[in-house]
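Asks: Protein chains in written order, with my numbering: chain Z, 5 to 155; chain E, 2 to 109.
Some hints could be false.
What the hints assert, rightly or not - Pulled a few chain E residues facing chain Z out of the computed Cβ check, cut under 10 Å: (1) Phe8; (2) Thr54; (3) Leu57.
Stated by the list, open to error - Residues of chain E clear of chain Z, computed beta-carbon distances all greater than 12 Å: (4) Leu24; (5) Ile27; (6) Val35; (7) Gly62; (8) Thr64.
Note that these hints are calculated values from the structure, not bench results.
We put the CB at the ideal spot given by N, CA and C, even for glycine.
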Amino acid sequence: MKEREIEIEVITGDIVRIQDLLYTFLVAYLCNNEYRSWGGGKRSVSRFSLIKITKGSPAISVSRLVDNIFRDMSPDVIKDVLDTLGYDVDNNERGLRDSLMFYFRAASLTLPILYPETKFLKIIYPKSKGVELFCEYAIKRILAEEGLLYE
Amino acid sequence: MSRRIDFFTFLKYTGIALSLLGLLFIIKPSMIIVMALGFFFLSLYYLADMSYTRSLMFVTGITIISLALYIIGDAFHSLLTMFLLFFLLVINLWTEETKTRRIERKKR
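Work out the full structure: start from the sequences and follow the hints.
Replies: Next comes the structure, spelled out in structure tokens:
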């Protein structure tokens, strides 16, 4: 077991498509303050940080997301999640990583259709503003899904 | 250890190979389109990888190649390069959704 497990069901409710899973991980990594703790001192990039700060601008990519997922979760858990979604994946870690990367890259193309707020991640400058907007709408969506958002 | 090549990895390596091949032919202007094709593949790869800044960088590269071809008088290849830009635009628009604009308007 890896030292850190992400309780993915808790974040967005039901995950039935690969896009839901990608969105869940994006929310988990981008909107969690712990993961965004890049400030302070020489250690500007946290060990669990998805967002790598380069000259004040965060860089996001599916490759980096998958690297972080494999750092935080055990391959068995990832395999179980993909099996649940109906994807047939390899048993070895390299094959699993390649499969997850392929599915996420394919899913990222249609992600803004299902979750329009992911479009904010396309903002070129300043990217941190885009992440902020993305999180704002993502949190609203989660609250609305749970019936906790009142206009 | 052998590694399985999927569609996106194929895009990446083909893009790199074509870009380098185009660099070899830099003295022959009409062959620069090979480099533009390489940039097209790389732009698609980075679009799927959610590295939107890099994707845009390659789009800019194609635009520069297209303009350069037009300036040196090779209008035919410049037009072909513009088609690549057009395809990228279509793909980018396809991955967008007008609902986002509606959300923004509602917020205002």
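Asks: Provide an ascending list of the numbers of those earlier hints which the structure does not satisfy.
Replies: none
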